[in-house]
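> Okay, here's what each chain looks like letter by letter:
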Amino acid sequence: MPILSKDDAQTILKKVLSFSTADECEVSLNGQIGGNVRSARNTISTAGATDNVSLAVESRFGKRSGVATCNEFDEATLRRCVQRAEEIAKLAPESPEYMPLLGAQQYQDNSKAFAAATAAIDPDFRARQMGASTALCDQKKVSSAGFLVDSAGFLAKRNSKGLEAYQQFTNLEFSVTVRTPDGTGSGYAAADYTDASKFDAARLTRVAAEKASSSMKARAIEPGKYTVILEPNALVSNVDTSLMAALMGSFDARNADEGRSFLSKKGGGNRKGEKLFDERVTIYSDPTNAEIPSLMFSGDGRPQKRVTWIEKGVVKNLYSSRYWAQKAAIPDLPRPGGWIMEGGTQSTADLIKGTAKGILVTRLWYIRPVDPQTLLYTGLTRDGTYYIENGQIKFPVKNFRFNESPIIMLNNLEAIGKPVRLGGNLVPPLKIRDFTFTSLSDAV
Amino acid sequence: MKRRDFVGLTGLAAGGLLLPSLPGFSYTAVDPARLLEPGADVIVKKRLADAALNAAKTAGASYADVRIGRSLNQYVFTREKQVQNIVSTESYGVGIRVLVDGCWGFASTSVVTDANLAATARAAVDIAKANRKVMKEPVQLAAQKGYGEVSWKTPIQQSAFEVPVKQKVDLLLAANAAALDAGANYINSGLFQVNEQKYFASTDGSYIDQDVHRLWPTFSATAVDTKSGKFRSRESLSAPVGLGYEYLTPNTAEQVRGPQGTDTIGYKLRYDMLADAALAGKQAKAKLTMKSVTPGKYDLVLDPGHLGLTIHESVGHPTELDRVLGYEANFAGTSFATLEWKAKNLPYGSKEVNIVADKLQPGSVGNVGYDDEGVKTREWDIIKDGKLVNYQKIRDQAHIVGQKESDGCAYAQSWEDVQFQRMPNISLRPGKAKMSPDEMVKGVDKGIYIAGAGSFSIDQQRFNFQFGGQLFFAIEKGKITEPLEDVAYQSNTQEFWGACAGSCDQSDYRLFGTFFDGKGQPSQVSSVSHGSATTRFNGVNVINTARKV
Chain A
1 MPILSKDDAQ TILKKVLSFS TADECEVSLN GQIGGNVRSA RNTISTAGAT DNVSLAVESR
61 FGKRSGVATC NEFDEATLRR CVQRAEEIAK LAPESPEYMP LLGAQQYQDN SKAFAAATAA
121 IDPDFRARQM GASTALCDQK KVSSAGFLVD SAGFLAKRNS KGLEAYQQFT NLEFSVTVRT
181 PDGTGSGYAA ADYTDASKFD AARLTRVAAE KASSSMKARA IEPGKYTVIL EPNALVSNVD
241 TSLMAALMGS FDARNADEGR SFLSKKGGGN RKGEKLFDER VTIYSDPTNA EIPSLMFSGD
301 GRPQKRVTWI EKGVVKNLYS SRYWAQKAAI PDLPRPGGWI MEGGTQSTAD LIKGTAKGIL
361 VTRLWYIRPV DPQTLLYTGL TRDGTYYIEN GQIKFPVKNF RFNESPIIML NNLEAIGKPV
421 RLGGNLVPPL KIRDFTFTSL SDAV
Chain B
1 MKRRDFVGLT GLAAGGLLLP SLPGFSYTAV DPARLLEPGA DVIVKKRLAD AALNAAKTAG
61 ASYADVRIGR SLNQYVFTRE KQVQNIVSTE SYGVGIRVLV DGCWGFASTS VVTDANLAAT
121 ARAAVDIAKA NRKVMKEPVQ LAAQKGYGEV SWKTPIQQSA FEVPVKQKVD LLLAANAAAL
181 DAGANYINSG LFQVNEQKYF ASTDGSYIDQ DVHRLWPTFS ATAVDTKSGK FRSRESLSAP
241 VGLGYEYLTP NTAEQVRGPQ GTDTIGYKLR YDMLADAALA GKQAKAKLTM KSVTPGKYDL
301 VLDPGHLGLT IHESVGHPTE LDRVLGYEAN FAGTSFATLE WKAKNLPYGS KEVNIVADKL
361 QPGSVGNVGY DDEGVKTREW DIIKDGKLVN YQKIRDQAHI VGQKESDGCA YAQSWEDVQF
421 QRMPNISLRP GKAKMSPDEM VKGVDKGIYI AGAGSFSIDQ QRFNFQFGGQ LFFAIEKGKI
481 TEPLEDVAYQ SNTQEFWGAC AGSCDQSDYR LFGTFFDGKG QPSQVSSVSH GSATTRFNGV
541 NVINTARKV
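Residue numbers (the UniProt record's numbering), protein chains in the order written: chain A, 1 to 444; chain B, 1 to 549.
Simulated from the structure, these hints should not be mistaken for lab results. All values reported here derive from a predicted model rather than from experimental measurement. Note that the Cβ used here is the ideal one computed from N, Cα and C, for glycine as well. There could be a bad hint or two in this list.
[What the hints assert, rightly or not] Calculated lysine-lysine pairs in the DSSO-like style (CA-CA distance at most 27 Å, straight line):
1) K387(B) to K327(A)
2) K227(B) to K291(B)
3) K327(A) to K342(B)
4) K90(A) to K81(B)
5) K225(A) to K548(B)
6) K305(A) to K316(A)
7) K387(B) to K342(B)
8) K230(B) to K268(B)
9) K230(B) to K272(A)
10) K316(A) to K230(B)
11) K548(B) to K316(A)
12) K548(B) to K275(A)
13) K141(A) to K133(B)
14) K275(A) to K230(B)
15) K297(B) to K398(A)
16) K268(B) to K153(B)
17) K230(B) to K266(A)
18) K291(B) to K266(A)
19) K272(A) to K227(B)
20) K316(A) to K266(A)
21) K316(A) to K357(A)
[Unchecked claim] Examples of chain B residues lying across from chain A (beta carbon under 7 Å, computed):
22) A29
23) T222
24) T226
25) G229
26) G326
27) Y327
28) H399
29) S455
30) F463
31) N464
32) Q490
33) Q521
34) R547
35) V549
Could you put the whole structure together from the sequences, leaning on the hints where they help?
Below, the structure is given as structure tokens:
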């Protein structure tokens with residue numbers, strides 16, 4: 001099924017709602033087309049395509065709720081789906097956290113979230129881009145493994161209280177790991193786009209290949225506390241937990257109020273309003289940002305707006321469920337789709353130039369929580385780690401394991417570079433002092 | 001919706017229960033009663049499979065396999081005194097894989113008719129032909145004899161789907177109450193129930209009907225000291241199992257007491273959720289005031305519910321042949337245990353280390369009769385007397401190490417995903433000499449006993465790792481002295497297994513596992529168990545993870 005227009009989607013949703021006999025009913029239609037291609041050892045290993053539309057019906061009787069889904073849209077199937085949701089709802093226990101469905105909402109237009117070039121991607125485009133990546137690696141006599149995945153879709157919602165929402169979106173993600181034939185060098189590059197016309201697999205592969213050759217035959221230096229320059233891939237990841245995602249993922253008001261978050265206050269309540277980070281740290285979300293346009297509404301229909309989460313090091317807002325916002329009498333803010341960390345104008349190269357002694361980190365990997373109390377995380381450097389002296393990269397160094405908290409990290413801030421898009425966020429390279437490496441790894 | 005959202009359930013392993021969002025596209029939310037309705041009859045499935053196999057052969061495939069899959073899932077989630085979510089889902093469809101001139105092609109469909117399966121088979125052939133243009137290494141498929149029409153079912157006593165939802169909710173709420181009464185302030189609990197009805201047919205002449213059941217009850221209890229602002233959690237010590245609802249009927253014969261002084265209980269093939277939740281509530285509260293560990297070298301005595309994760313990361317993953325060869329380089333990584341490394345015959349561990357792969361252990365989540373490319377499952381050695389002797393392989397990898405047959409560890413998370421090499425159960429054989437955990441502790445001068453899995457991280461070639469746990473106890477001069485907090489150990493795979501000083505005997509053997517081992521791009525999850533008995537490792541580096549923020 002193609003990407004449905006607003007009118008076509010709402011026509012289906014209106015019809016589904018007309019079958020409802022519940023106290024409240026909300027219906028969502030989510031459709032996506034797209035595909036992927038994967039390579040290893042400089043050749044395409046697998047490829048796939050998806051084309052799906054799914055309807056979800058949530059029916060409510062009093063405080064009881066039931067959800068049913070279907071992916072066929074003839075009248076009989078739609079009727080059965082509504083009926084099933086109602087049957088499930090009647091059997092469900094009452095929710096003590098029941099909130100009535102939202103009524104009509106105002107959403108800003110955000111057509112920038114959809115790019116025709118991405119929606120038009122075909123298997124040839126994927127094969128051509130991946131082919132350019134593997135050909136470059138053949139030519140450079142290095143070995144690559146990469147992944148390209150793209151999607152174009154729409155989300156539409158409608159409910160019995162008058163809420164009506166619709167938005168189209170596109171996304172493309174690419175990542176590539178390049179290794180030298182002797183196994184002593186490895187490099188990585190990754191990027192994501194709303195508009196596929198900005199994407200060039202060969203350009204990114206060249207970056208990874210350069211990292212691979214420049215990281216060969218790394219020297220071991222003692223673990224300990226170092227000044228580090230963390231490239232964006234070391235702060236955010238498309239495929240793994242990351243230090244910045246861990247930080248932004250912990251801004252939940254309920255966890256903080258319940259005493260089980262680093263944002264919990266001794267004696268009760270939360271630390272909103274406290275200065276917890278360096279004063280140069282400002283992080284906000286804005287779904288209309290041209291670089292990272294995202295959905296204008298959250299899963300439950302709340303509008304996504306520009307929200308400042310950290311301003312000059314001070315915690316300004318926490319997100320929550322609608323239930324918790326009402327109970328705690330706080331601003332009703334949904335979790336954002338992507339966030340923006342304000343930065344400066346310096347590139348990673350500029351940050352290196354200004355560093356007397358330090359470590360350049362391309363990427364951090366296998367990042368896992370160690371202590372939620374302090375947001376302590378562990379993980380390792382990967383795919384290009386270098387020793388910097390007097391403003392220059394001197395030699396590659398062996399990978400380290402780190403044990404560090406993004407809270408401590410954002411207090412030990414030395415410099416902020418220019419933000420770039422990664423994982424749907426805008427994240428700058430950061431220069432951090434006293435970053436804690438606890439052991440060495442032989443991994444390449 | 002991205003598969004990642006569904007796979008977001010892996011957050012479980014990371015320390016907290018996350019609610020699943022709506023199931024993925026191919027899953028429809030259904031009434032729980034639907035989970036008890038039978039799927040298509042084998043006669044119908046054979047006819048459908050033949051339609052696809054014939055079409056594939058006619059279109060030029062030298063080999064084809066068809067997987068007709070019906071996946072049924074039910075997840076129940078609660079917190080404290082309330083139900084958060086009950087989700088029942090069904091997914092039904094067919095995946096067809098073909099080999100054309102040494103090149104794989106794959107296509108899947110949810111429209112299960114003879115005509116459409118034939119069309120899907122032809123689409124898979126077209127994809128293989130397109131991929132052929134860029135092929136560099138033609139597939140060499142290990143021969144596999146057809147088994148004819150056979151079937152296999154997980155040996156269960158009671159399907160979890162036959163148990164009324166209310167009974168399951170009542171159990172979880174009772175466990176929550178037990179934890180809250182014992183000292184926890186919060187608890188999230190969940191029950192994952194899975195039934196994979198899989199029909200496999202191939203041009204080799206196999207028609208394999210399997211009915212696979214898995215279950216995982218789990219929780220995370222948290223205690224908060226508002227005054228100090230401190231909070232600590234203790235997660236359940238259950239394991240995901242290849243069993244029916246009978247796993248939740250407590251049986252003292254299936255329980256193993258931890259060493260004297262630890263107040264811990266490990267579980268074999270029956271679990272006492274209420275008792276574990278009560279202990280968890282008490283222990284979460286006690287963790288708020290436990291002594292923080294002094295970093296240094298310690299002899300570690302590791303409970304099977306903890307050691308399973310270390311085995312998974314440091315032996316399971318590095319011995320996957322596709323990782324070794326570079327196929328996972330861009331995501332999970334590669335492996336130090338390359339073919340060249342193996343040829344050097346260097347020690348992987350001490351002579352005490354004997355690690356076996358299998359998909360046969362009763363109660364394990366890896367247990368099936370046949371894998372997803374029609375190979376009868378088996379057991380084989382991975383590490384023998386400390387030396388790496390073999391890898392994990394599927395049909396198109398066997399020739400790489402000069403093996404004539406597959407090991408039978410191909411798996412796809414659903415009919416719509418292509419099968420590839422996935423980790424079978426990887427287990428440490430118990431010690432041959434009689435030894436209990438108490439006797440093991442007696443021999444330790446300065447050590448730490450660790451129960452339950454916690455934080456975990458390992459590099460992309462599986463050298464350097466760091467593991468936490470749920471419960472830690474100091475051992476001094478052969479005795480458990482006091483509980484500890486803020487413990488994690490850092491080591492290197494070969495150094496760690498080289499420091500293995502032996503395991504307790506078979507009577508202490510238990511399974512650890514997960515439903516959510518992730519691999520591949522797009523990522524697929526797989527279920528795996530790891531068995532071991534309590535095992536000792538000498539002189540391991542322990543760090544203190546407490547920080548001030």
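> So which of those numbered hints doesn't the model satisfy?
Violated hints: 1, 3, 8, 21 and 28; rest satisfied.
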